[in-house]
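Visitor: In the order they appear, the protein sequences are chains A and B. Under our numbering, the first residue of the first sequence carries the number 15, and numbering increases by one thereafter. Under our numbering, the first residue of the second sequence carries the number 15, and numbering increases by one thereafter.
Check the hints yourself; a few may be wrong.
If several chains are the same, the list does not tell them apart, and a pair holds so long as it fits within one copy or across any two.
Keeping only pairs whose Cα atoms sit at most 27 angstroms apart, straight-line, the calculated BS3-like set for lysine-lysine is [what the hints assert, rightly or not]:
1) Lys37 x Lys147
2) Lys37 x Lys111
3) Lys212 x Lys104
4) Lys16 x Lys211
5) Lys37 x Lys81
Source of the hints: derived by calculation from the structure; they are not laboratory data. None of the values given here were measured: they were computed from a predicted structure.
There are 2 protein chains.
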Amino acid sequence: MKYPEAIQQLIESFMRFPGVGKKTAERYAFYVVNHFDETDTVTFMEALHRVQNEINPCEICGNLTDKDVCDICNDQTRDRRKILVVEESKDVMVIEKTNMFDGLYHVLNGAISPSDGVGPDDLRIKALLERLKDETHQEVILAMNLSEEGETTAMYLHRILKDTDLLVTRIAYGLPAGGNISYADDMTLLKALEGRKKY
Amino acid sequence: MKYPEAIQQLIESFMRFPGVGKKTAERYAFYVVNHFDETDTVTFMEALHRVQNEINPCEICGNLTDKDVCDICNDQTRDRRKILVVEESKDVMVIEKTNMFDGLYHVLNGAISPSDGVGPDDLRIKALLERLKDETHQEVILAMNLSEEGETTAMYLHRILKDTDLLVTRIAYGLPAGGNISYADDMTLLKALEGRKKY
Chain A
15 MKYPEAIQQL IESFMRFPGV GKKTAERYAF YVVNHFDETD TVTFMEALHR
65 VQNEINPCEI CGNLTDKDVC DICNDQTRDR RKILVVEESK DVMVIEKTNM
115 FDGLYHVLNG AISPSDGVGP DDLRIKALLE RLKDETHQEV ILAMNLSEEG
165 ETTAMYLHRI LKDTDLLVTR IAYGLPAGGN ISYADDMTLL KALEGRKKY
Chain B
15 MKYPEAIQQL IESFMRFPGV GKKTAERYAF YVVNHFDETD TVTFMEALHR
65 VQNEINPCEI CGNLTDKDVC DICNDQTRDR RKILVVEESK DVMVIEKTNM
115 FDGLYHVLNG AISPSDGVGP DDLRIKALLE RLKDETHQEV ILAMNLSEEG
165 ETTAMYLHRI LKDTDLLVTR IAYGLPAGGN ISYADDMTLL KALEGRKKY
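Full structure from sequences and hints, please.
Guide: Okay, structure coming up:
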């Protein structure tokens, strides 16, 4: 006894998502069956179709956009001297939400990870170096994740940029807001200690 | 600054699902953007479309099917004397997977829940009574969930069936396999005690 084929196909589509196992995929599929009306389904299908067809990386910074050049790169009021480099397009949104950075971005599309076979050439590093030839840009802020891959990527970028006239900085790492020292992992504590400042 | 409209629409579709908040919906949407190719997206859309158009409740038992009458009701080798009553179509699949029941099913499509405004008339109870007029059926096995709603529904069904010639039984409730008494909730313990048998 198996599910009707259409339900099975939907379960398998949901199982493709990160962190979604069989049980969750079944729950989602049955939610569609039981709670989605025609309009809900059409809206969902349309969103999938549009994302597939309209969304592409910004020609300049690699941020996801439905235009050739994203709104941030196009915004002439932003401080073009600073370029903040992140691993993923999603990181741009996270930082934008804080309203605390008014410069430009560069999305690498990942981080260097030899074990996953991701080297510098698989990332948008060449595009970054190309951009940096424009002398308007004066500071490169490295905002990689605090992980082995993030560290490797930051080190790599620092090495190839350190002999230029650019100011290369890195965001601070340490104990997060609400963070409890007892529960912090070694990497966070190490960074918190390394980054200590005179009181 | 907002996501491109297509991504926003996809995030909102994902947020409709049970247990999916904004963060998870964003993760799913970005997974589509970054990892779904044309074929993946088309397969997903097709599954949604098919589920919307092909899947309906079985005319007899209410189990979800892509036919008028489901494979179980159509299977002449099954023991038609027994009807196992469940809340949801999903429960049918769970029991079928065990290969331990060879009778028929009846899906109520929920359980009585006055606080949610679900009364007996909102469930497929009338259809059950109609089915039971066929004297082939001799036993009704109540397999509601162990919850207030499940209890209410089982009591209700027992009350309207108890004066018929049908044998009305109920699945056992108690400590589950691997269950630890120290961590069991009151309802489970109550049922485990109530259901105790001579050793």
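Visitor: Look at each hint and say if it fits the structure.
Guide: Hint check results:
1. Taking the shortest alpha-carbon separations for Lys37 and Lys147, neither the intra-copy value of 51 angstroms nor the inter-copy value of 36 angstroms comes in at or below 27 angstroms.
2. In this assembly of identical chains, Lys37 and Lys111 lie within 27 angstroms of each other by CA distance solely across copies; the values are 13 angstroms between and 33 angstroms within a copy.
3. For the homomeric pair Lys212 and Lys104, neither the shortest alpha-carbon distance inside one copy (34 angstroms) nor that between copies (61 angstroms) is at most 27 angstroms.
4. Taking the shortest Cα distances, Lys16 and Lys211 never come within 27 angstroms of each other, neither inside one copy (62 angstroms) nor across copies (36 angstroms).
5. Proximity of Lys37 to Lys81 under the C-alpha cut-off of 27 angstroms is restricted to the inter-copy arrangement: shortest distance 24 angstroms between copies versus 38 angstroms within a copy.
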